[in-house]
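Trainee: Here is what each chain is made of, one letter per residue.
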Amino acid sequence: MQKIIASTRTRDTATLVLFTLFVLSAPFWGKLIGAGYPDLLQKFAIFGLFAIGYNILFGLTGYLSFGHAAFLGVGSYATVWSFKLLSMNAIPAVIFAVLLSALFAVVIGFLSLRRTGIYFSILTLAFAQMSYNMAYSVLTPITNGETGLRVLRDDPRVLDNALGIQIEGSPLADLFGLTLTGYPGFYFCAVMLILGFWISLKIFRSPFGMKLMAIKTNQMRMEYTGFNPRPYLLSAFVISGMYAGLAGSLMAIVDPLAGAERMQWTASGEVVLMTILGGVGTLFGPILGAATIKYFENIFSAINDQVLHNTFSFLPDWLNSFMVTITGPFVGEGWHLTLGVLFMIIIIFVPGGLIEGFRRIGSWSKKVDAQAAAEGAEGGAK
Amino acid sequence: MSEENKNYVLSIKGVNKTFGGLRALSDINLNIEQGKVHAIIGPNGAGKSTLLNTCIGLLTPDNGEINFAGKDLTKGMTPHEINQAGISRVFQTPQIFPELSILQNVMIPAFARRDGAFSFNPFKALRDEKQIEAEAMALLEDLNMAEGAHHHAGSLARGNKRRLELAMCLIQHPKLLLLDEPTAGMARHDTNRTIELLKKIKESGMTKVIIEHDMHVVFSLADRISVLAQGAIIAEGSPDEIKGHPKVREAYLGSAEI
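Chains as they are written, first to last, in the working numbering: chain A, 1 to 382; chain B, 1 to 258.
Honestly, I wouldn't trust all of these hints.
Below, a list of computed lysine to any residue pairs in the SDA-like style, where the Cα atoms sit at most 20 Å apart [to be verified]:
hint, chain 1, residue 1, chain 2, residue 2
1, B, K161, A, Q219
2, A, K202, B, K130
3, B, K175, B, K130
Here are the in silico distance ranges between beta carbons for each label pair [stated by the list, open to error]:
hint, chain 1, residue 1, chain 2, residue 2, range
4, A, Y119, B, N192, 57 to 65 Å
5, B, A69, A, I361, 53 to 61 Å
6, A, Y183, B, E99, 37 to 45 Å
Some chain A residues flagged as far from chain B (calculated, every beta-carbon gap over 12 Å) [said to hold, decoys possible]:
hint, residue
7, S25
8, I56
9, L125
10, I142
11, D160
12, Y183
13, V191
14, G209
15, E223
16, P229
17, L234
18, L273
19, L339
20, K367
It should be emphasised that the hints constitute simulated quantities derived from the structure, not laboratory data. Ideal Cβ positions, reconstructed from N, Cα and C, are used throughout, including at glycine.
With the rest of the complex left out, here is chain A:
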């Protein structure tokens, strides 16, 4: 009986423990792949969280939102305002950001979920672009427009002042005295990532999660089975919006600044890419996709023509400049071209994303092992 419902408690606990160890040891294994510095690790965790949350909507229900960057922006602005008005402590900032993005998600989700399919996607895109443009125009008193919202030394910070906490130098986010930059900043994000992963694991293994998957598989059957899909979809939308708000909040915690560009449609598109690249509807896929994209972005966008010249310096001069011309558009500012190629290769050859790729390699190597074992046994028999 136990086996029928795929996962056992022990297996889930083991998954969570391994995940925790993996995330917390990131500074060590990060060094091995040239990612052992806090800025990049923070990005892994923040975008991982964004993608995990996005996957709860897109992966489970199949509803493709093109506007989740709006919640990212809301989370960032809410966090900076919490820094300005309340305290530089990260805890109230995170709570405020998650609650405010939940509120936005309820409104946007309620309106967008009146439609399905492509119309739903377009509605979410429209709401996000509207938020983006409003942040630049009418909401300038709240968002500080193009300059971006930043924390100033003479902000009120009522909680800090009441407790007699003084800011020296430029104001930075802290956690009861611990400044959240560099590695402490990463570990704060890492704890949030682990918490977010745990909640996602719970949802995947719950009847609620199963019903979301059922909506993706056959929404009509769900309705004639006695379920009202609307509140299920709205719950999933709000949960994923809260994840996005948390990710936006963490961005503003490790670097106390919020700008409207975070809400642009490209940011919404990026999380779709991350989720698909890693594996839609899988537990680990979205984090893997997010880390992969941020890792390659870091490598490829750092390369400039000078680096290329040096790389190809073993070639004769004419060939060297030819190679630099060819490869130049794929690096630096143009690294998105590389991402596009990578994305196309994945979608064409392993439509299930990186997770499916690993699964295929796993089953292939098992087959090879079994073959080798069989041959070995034969050899032994002779």
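Chain A is fixed; fit chain B onto it per the hints.
Mentor: What follows is chain B alone, placed relative to chain A:
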């Protein structure tokens, strides 16, 4: 007949439905008795599926009433409200959740019955729902589908998908079960198995409405038969009455000659 003393589960009164100029249903009056199997037969295009679809909220009739458990189903009830009121339906093309396991397919309707149209419990583990799981497994065992219950439902053969859909309806213990051609496209062997199964449920006293082409199925199951032709009920009675009814012979022979 003492019609007024009978206990009707569903009563359809003066229902009309037109599609453009086509009259799909004209002045349908139909009463379904508690605990009986009521078959609706008729040639292709007679309006059988249209009639069933008006009962589950998929179509709204132009006028008339459909009363079920004290509610008028034509008054803007959504599909899930109609199901929660106690009507489950098997579709002509099996509607299942192909990406979920067979067991999960059966557990989902059980949740609908227990928790209603919406329940938010993201922190409850599915594996702790022992009671629902056991109930679903027991039903699958009855249907000879327990083996491989953790396989994807999408991998089932068509006949088995129908049986699975039937299980999904049965686990809800509906007051009224609507079956739209439950044996269409099945091999003789599977058809007989389905008849056996439906006979078994008949003993449990569940009220059922069956739409069926196969006369063998109809006459071996139905307590009462209504014959639909060109959107109107032309005859109603017990299987024996229907067999000898001149209008029915005419309607069927008329279509059989083509």
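Trainee: Against the earlier hints, flag every one the structure doesn't satisfy and list their numbers going up.
Mentor: 3, 4, 8, 14, 15, 16, 17
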